[in-house]
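The listed protein sequences correspond, in order, to chains A and B.
With the working numbering, the residue at position 367 of the first sequence is 367, and numbering never jumps.
With the working numbering, the residue at position 76 of the second sequence is 76, and numbering never jumps.
What the hints contain is simulated information worked out from the structure, not anything from laboratory work.
All C-beta atoms in this analysis are idealised placements derived from N, C-alpha and C, irrespective of residue type, glycine included.
Check the hints yourself; a few may be wrong.
DEER-style ranges, computed between Cβ atoms [claimed, not checked]:
| hint | chain 1 | residue 1 | chain 2 | residue 2 | range |
| --- | --- | --- | --- | --- | --- |
| 1 | B | E381 | A | Q12 | 54 to 62 Å |
| 2 | B | R143 | A | Q264 | 47 to 55 Å |
| 3 | A | A115 | B | R13 | 48 to 56 Å |
| 4 | B | R13 | A | K267 | 55 to 63 Å |
| 5 | B | G376 | A | Q264 | 27 to 35 Å |
| 6 | A | K267 | B | T108 | 21 to 29 Å |
| 7 | B | G376 | A | A115 | 56 to 64 Å |
Sample of chain A residues with no beta-carbon within 12 Å of chain B, all distances over it, derived [to be verified]:
| hint | residue |
| --- | --- |
| 8 | S13 |
| 9 | E287 |
| 10 | P361 |
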Amino acid sequence: MPLSADERDELQSSARGLLARDSSSDRVRAVVADGPGFDRDLWHQMVELGWTSIHVAEQFGGAGAGYGDLAVVLHELGRAIVPAPFLASAVLASSALTLADNDALATELLAALVAGESLAAVAFASADGSYQLSRLTTTWERAASSVRLHGSAGFVLDADVADVLVVAARDSDGIPALLAVERAAPGVRVERAATVDATRRLFSVSFDGVVVGNDRLLCEPGARTEEVLGQILAVGMIAAACDAAGVTEQALERAADYANERVQFGKPIGSFQAVKHHCANAAIAVEASRAATRAAAEALDGDPGDWSTTAAVTASYVGPACSEACALALRVHGGIGFTWEHDSHLYLKRAKLDEVLFGTPSWHRRRLADAVIGSFEQQEVRQS
Amino acid sequence: MHEPGGTLEDLRRRVREWCATHVPKGWRDQQRGVSHADLIEFLRWWGGELREAGLLAPHLPKEWGGGFSIAEQVVIAEELARGDAPRNALYHVALFNVAPTLIHNATTAQREHFLTGILSGDVWCQGFSEPNAGSDLASLSTRAVRDGDNFVVTGQKVWTSWAMAADWCMLLVRTDPDAPKHKGISCLVVDMRSPGIEVRPIKQATGSADFNELFIDGVVVPVDNLIGAENNGWAVAQGTLAAERAIVVLEMTERLRRNGIEAAFTEAARWRLDGGEPALSDSTVREMLAECHADAEVLRHMLNALIADIIRGADVGGPSAVIKVFYSELLYKLMRYVTALQGVAGQLAHPLLECSGWETGDWMIDYVHSFGWIIGGGTNEIMRNVIAERMLGLPRS
C-alpha cells in the first residue's frame, strides 16, 4: 500500500532532518575522503527507518509501499549529496530481484538486503558505459549445470561493498542472461574507476571464467531477461533523475541565500536582474524536475509497459535541466563558487554524473523519438 | 447539452463524440486568408455552438453555465484540443479574464447584467497596458474624474485584443493621482459604443491585426460600472484567476502536443534535409523533436501539480509564472527548431489562419507568433522577476 499524503510528508521531513544532521556537506567531504566511502552508522539509521524496504513487496520482507514513496527518499539523498550504496543496493539490486522471476532467489537475498545485513550492486553496462544489450562486454556460456561468466562490466555503482552482484551478460548468439553472483566468487575482480564526483563510487568488474549455478539465473535468458533489464534501466534512469532534482533544489536554495546576503554596489546581488534571472531559470528547472520525477516515480507503480517511455521523457528533460541549473547556481556565487571549499562544485558534479549515469541525454531522446514514432504508426494501423 | 457530474470517462466520451460531429470539417483550409469580418463571424458562430453544447464556460459557477469540477474542465480542454476544435479566441477575454473577475468582485446587479451578456455572446476587451505603462502596468495614466454619477475618462490603451469587435471593455484607470501608484487605480466597465471611443487596429509582426490601440476622449462611464471599490482596481485586476489560467495553458499545451509536436514528427518524414534524406531519419532531428516532446510531457506534469495545488488552496503565484515561461519558451523552441529544419521551403508565405491558436501549420508564421506568448501577459523577463521574488525571496529590482 502506498503511503498517504501525510505519511509521505512525514517521511520527507524525517529524512530531511536526519540528513541535515548526519550528512552535512562537511561530513560528506570527510566520509568520501577515507574508509569505505560511506557512513555505516548513517546507513544503519537509514535501514532502521525502513528506507531499504519501502518498495520491496511484503512477500520478500519489504514494506510493500511503492516507487512513489521511494522517490521521496531519493530526492532527499540528492539534496544532501549523500554518499551511500542506496541507489546500487536498495534501488537497482532490490528492483532487479523483485522484478525478475526467481522467487526463491529473491526470498533468499532480499531479506538480508532489506535488513541492511548485506549489500548488492547491478553490473549491466558495457565496459565503455553503454546500456545497449548488443554492446554488453560480459559474456556467458552454459557449462553442465552451471553458467560461466567472462569479460567485464563498466561503471558499476558500489561494487566493492556489494556482497552480491546482479550481472547482465550475453552469449555468443547475443542472448542476454541475468545472474546473481557472489562478489567473493573466484574470478571476480572489482576495480575502482575514480570519478570527478566523489560522492558516487564507480567500478569496473571483470569475470574470469566465474562459475555460477543455474539456480542463480534471475529469469529465463532471452526475451524475458531483455524485458527485465529494460525495467531495471528505467528504474535507474528515474532514480538518477530524482537524485538530480534533489541536488539541484539544494544548489538553488544555496544560490538564493547567497544572492540575498552578498552585497555589491550597495545592494544584495539578488536585486540585479542578471543574477535574479539565473536564479529564476534554475527555479524553473527545479519546479519542472520535481513535477517530472514525482510523476515518473508514480508511473513505476503502474503498468511496466509504460516505464521505458516514461523514463526516456524524464531523463531527456531532468538530466540536462538540472545540471544546467546547478551551473547557474555556481555562477551566482562568483569566485567563491569556483573554490574547492565551497559546495557548489559538489552539487554540479553530482548533477553532471546523474545526467549521464544511465545513458546520455542524446540516447534517451533518440529512444524517445523511436517510441513516439512507433506510437503514431500503431495509431495508423488501428485506424486503417 | 453537457452537464457536470457523472464519470470523467463518460464526459470524455461525450465531448469526443460531440467534437467529431460538430467541429466543422476542413475549417483550417476554409478559414485561411479570410477577411476580419468573416473571421469574427466564424468565431461568433463557433462560440454559439459551444454555448448550445454547454461547453462555453465550464469553469464558471453552475448558475453561470458552468459548474464543472477542475478535473472535468481538464477533460473538456483535452478533448477540445484533441478534437482540433477552433480556438474560442473571440470570447476568450470575456470568459477567462472578465467573467471570473466579475464573479469575485462585482455587485449582484453588475453580475446579473454583465455575466448574462457574456453568456449570450457579448464580446469583451481588456484595457490594461498603455504606451508608457507596459511591464510597469501600475504606472498607468488614463484618468477617470468623478462628475456626479459618472466618471469622465480620458487616456490611451494599447495591445487591446479584439477591441474592434468588442461590446464592452474592462478598463484600468487612475482615479487618485496623489496616492501611491498601486493605490490610485480603479476598474471600470466601458460600453465600447460610447462617444469618445476610437479603436485603431495594430498590425502585428505576423501580419494579422487582432489587437488595437484604444483612444478614450472624455468618455462618460456611469459610477454603477465601477467594479470593486474605488481605488482598489489593482487588486481587482490581479484577482484570483489562477485556476482559469491553468486550464487555459492546459488546453494550449494539449494543442501544442497535437498540432505542434505530433505534427512536426509527421511532417519531418516529408521534409528533405540538404543531403536529400528525410529529416526524420536524421538522429539529430529525432533528438530535437524528442526534446520538445519530453518538455511538453513535463509541462503537463507541472500543470497537473499546479491544478492540484489550486484545488488545495495553495498560493500559486510563483508556479503560475513558471508555467507561463515554460510553455512560451517551449512553443518558441519548437518553432525555432522546425523552421531551421524546413530550410528555405519553409519561408514561403501562405494566407493567414487566425483562429487555430499558435499552431497553424505555417511554421514560419507560427515562429513569429510565438513571441506573442513570450511577451504577452507579462514578458518572460518580468515573469522571471516574479519567480525570483515570490518563490526564492530575492529582493525587488
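Taking the hints in turn, this is what the structure says about them:
Separation of E381/B from Q12/A is about 34 Å and departs from the stated range, judged on CB atoms against 54 to 62 Å. Between R143/B and Q264/A the beta carbon distance is about 41 Å. The supplied range of 47 to 55 Å is therefore violated. For the hinted restraint 48 to 56 Å between A115/A and R13/B, the CB-CB distance of approximately 50 Å keeps it satisfied. As the Cβ distance of R13/B to K267/A is approximately 58 Å, the hint placing it in 55 to 63 Å holds.
Restraint check, G376/B to Q264/A: a C-beta distance of roughly 34 Å satisfies the suggested window 27 to 35 Å. Judged by the Cβ atoms, the range 21 to 29 Å given for K267/A and T108/B is violated: they are separated by roughly 48 Å. The given range of 56 to 64 Å is respected by G376/B and A115/A, whose C-beta atoms sit roughly 58 Å from each other. No Cβ of chain B approaches the Cβ of S13/A within 12 Å, the least distance being about 17 Å, so the stated non-interface status holds.
The Cβ of E287/A does not lie farther than 12 Å from every Cβ of chain B; its closest approach is about 5 Å, which violates its non-interface assignment. With 12 Å as the threshold on Cβ separation, the claim that P361/A sits away from chain B is violated: the shortest Cβ distance comes to roughly 8 Å.
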